[in-house]
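S.K.: Residue-level listing of the chains:
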Amino acid sequence: MQRSRILGPVGVVWFLLTIGVIAYATRLALLIAPTEATMGNVQRIFYYHVPTSMLSLLFPYVNFAASLCYLYWRRRDPLKALTADAWAITSAEVTVVYASICLWTGMLWGRAAWGIWWTWDARLTSMLLLWLLYVSYLMLRKLSSTGQTHTLAAVLSVFAAIDVPIVYMSIQWWRTQHPAPVFGGGPDSGLDKSMYPAFIFNIVGWAMWGILLLCFRYALERRRQAREQDAALKAIEASLELAK
Amino acid sequence: MNYFGHVFCHLRKDLQLEWRSRDSINGMLFFSLLVVVVFSLAFDPTAAMSRQIAGGILWVALLFASITALNQAWTREQRNRVLDAHRMSPAPPSALFLGKALANFLFVALVEAVLAPLFIVFYNLHALGQGWLFAVVMPLGTWALVCNGTFFAALGLRTRNRELLLPLILFPISIPALLGMMQATTAILTGEFEPGLWIRLLIAYNIAFTTVCLLLFETILNAE
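Chains D and C supply the protein sequences, listed in that same order.
Under my numbering, the first sequence is numbered contiguously, ending at residue 245.
Under my numbering, the second sequence is numbered contiguously, ending at residue 229.
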């Protein structure tokens, strides 16, 4: 596997840019954005909670798409299939990280705003279930033996993807304390104009951070795969030597 | 032999094997009986309260019991390398899956048939809603557990700690189905709300996952 020479510097520039955007977004969120009328400064956690929750709903799609690609390429083009599998595990891990941050900031906010850490309301429950699904996906990857991990994980990912809409609907029927969505949740929804810059910079910053994590973990996984292939190749060569 | 011939052949083989040993049915029966006894000691329920919680307890007992049986479902095929023979045979792999899932379904259904009277006795139950709907909810709920369970048991066959892995991946995927079964059962027992919505959820869940299981079983069987 040859490595491109440009990717390293691009990564460094992307990292610095991400740090810059996040630093500016933090300043906007904590200092510049106006204090919210009813909740006061507590509301500022919104600028972290909402972007991470939106992003944690985005990465599972990457995982699903990569898993489908893996299943398609498995027999046809094993090298491409390995690339797809690297994307699948990477996006699953980033999903778990972002969903954990979303749940954690949500609990902090819930404690301050509602006086309770947790309630079995529709959105909280569905987020928790999403987190559970992807943790179980990572557990399967951890527990299965090397030769077939990719296929088994890809199959489970397809199951998880089908489960997500069913979970969402069933939980909606079951409970409906979480406020209506801020965006597109009725006539009173929406942010005050003065809050937009902080929100937009935060979502862009955390999306960039997510992409950075994704690519970094991907590069790591590719190296691990390459090392595994080298080891397999050496083992085959050694057995050929013995056979002579 | 056509497709259903294959399915029937697998089903008959599994039933015959189970009839000779009766391992998994006896295990499941005693296990779920223990769960029911432990829960009734833990809650000491009155008649009104037991109606509220019995639906949940019944399905939790069945879920745990079916896990114990599902873990054993494929070990028979592993002995003497029968699974490799299945892989080489020209019979469709999904027929093997369907036969096995149907056999497990019958085992769990039998356990339910024995457990239901015990449940009524131990928890002083009588349904305030439409009791005949149990005839719809029980098979749907059982199939939802058993179909995915059989599939994941096959998926975990060659992994380390497969006894541990099966509940770890089966529970998160089955949560909507579990919610559906428990809500429908509670609705029938208490008569406070309509079970129709939850029965529809179970039907949709069963259709979606049975299709995926049948489509992907070949991939799992030949995963190497």
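Among the clues, some could well be false.
To be verified - Simulated DEER-style distance windows between Cβ atoms:
no.: 1; chain 1: D; residue 1: S146; chain 2: C; residue 2: R84; range: 42 to 50 Å
no.: 2; chain 1: D; residue 1: R76; chain 2: C; residue 2: A118; range: 39 to 47 Å
no.: 3; chain 1: D; residue 1: L69; chain 2: C; residue 2: F35; range: 36 to 44 Å
no.: 4; chain 1: C; residue 1: E223; chain 2: D; residue 2: M55; range: 52 to 60 Å
no.: 5; chain 1: C; residue 1: A118; chain 2: D; residue 2: Y73; range: 39 to 47 Å
no.: 6; chain 1: C; residue 1: F176; chain 2: D; residue 2: M170; range: 12 to 20 Å
no.: 7; chain 1: D; residue 1: I201; chain 2: C; residue 2: A53; range: 51 to 59 Å
no.: 8; chain 1: C; residue 1: R84; chain 2: D; residue 2: Y73; range: 48 to 56 Å
no.: 9; chain 1: D; residue 1: S146; chain 2: C; residue 2: L46; range: 55 to 63 Å
no.: 10; chain 1: D; residue 1: S146; chain 2: C; residue 2: F35; range: 31 to 39 Å
no.: 11; chain 1: D; residue 1: W174; chain 2: C; residue 2: F9; range: 45 to 53 Å
no.: 12; chain 1: C; residue 1: A118; chain 2: D; residue 2: M170; range: 28 to 36 Å
no.: 13; chain 1: D; residue 1: E238; chain 2: C; residue 2: E223; range: 30 to 38 Å
Unchecked claim - Some, not all, of what chain D presents toward chain C, calculated at C-beta under 8 Å:
no.: 14; residue: L157
no.: 15; residue: W174
no.: 16; residue: L221
It is worth saying that the hints were derived from the structure and are not from the lab.
C-beta atoms are modelled at their ideal positions from N, C-alpha and C, and glycine is treated no differently.
S.K.: Once the shortest beta carbon distance from D/L157 to chain C is found, is it less than 8 Å?
M.R.: With a minimum Cβ separation of about 6 Å from chain C (threshold 8 Å), the hint on D/L157 holds.
S.K.: Take the C-beta atom of D/S146 and the C-beta atom of C/F35, compute their distance, and say whether it sits inside 31 to 39 Å.
M.R.: Holds - the Cβ-Cβ distance for D/S146 and C/F35, about 33 Å, lies within 31 to 39 Å.
S.K.: Could you say whether the range 12 to 20 Å given as a hint is met by the Cβ separation of C/F176 and D/M170?
M.R.: About 19 Å separates the Cβ atoms of C/F176 and D/M170, which means 12 to 20 Å holds.
S.K.: Does the beta carbon distance between D/L69 and C/F35 stay inside 36 to 44 Å, or does it fall outside?
M.R.: Holds, at about 43 Å.
S.K.: Would you say the C-beta atoms of C/R84 and D/Y73 sit inside 48 to 56 Å of each other?
M.R.: Between C/R84 and D/Y73, where Cβ atoms are some 34 Å apart, the hint is violated.
S.K.: Do the beta carbons of D/W174 and C/F9 sit within 45 to 53 Å of each other?
M.R.: At roughly 36 Å between Cβ atoms, C/F9 and D/W174 fall outside 45 to 53 Å, so the hint is violated.
S.K.: Is the hinted range of 39 to 47 Å satisfied by the C-beta distance from D/R76 to C/A118?
M.R.: 44 Å, holds
S.K.: Is the hinted range of 28 to 36 Å satisfied by the C-beta distance from C/A118 to D/M170?
M.R.: 31 Å, holds
S.K.: D/E238 and C/E223, beta-carbon distance inside 30 to 38 Å?
M.R.: Since the Cβ atoms of D/E238 and C/E223 sit about 34 Å apart, the hinted range of 30 to 38 Å holds.
S.K.: Is the distance from the Cβ of D/I201 to the Cβ of C/A53 consistent with 51 to 59 Å?
M.R.: 53 Å, holds
S.K.: Is 39 to 47 Å a correct range for the gap between the Cβ atoms of C/A118 and D/Y73?
M.R.: 44 Å, holds
S.K.: Quick check on a hinted range of 55 to 63 Å for D/S146 and C/L46, using CB atoms only.
M.R.: About 41 Å separates the Cβ atoms of D/S146 and C/L46, which means 55 to 63 Å is violated.
Consistency note: the structure conflicts with the earlier hints numbered 1, 4, 8, 9, 11 and 16.
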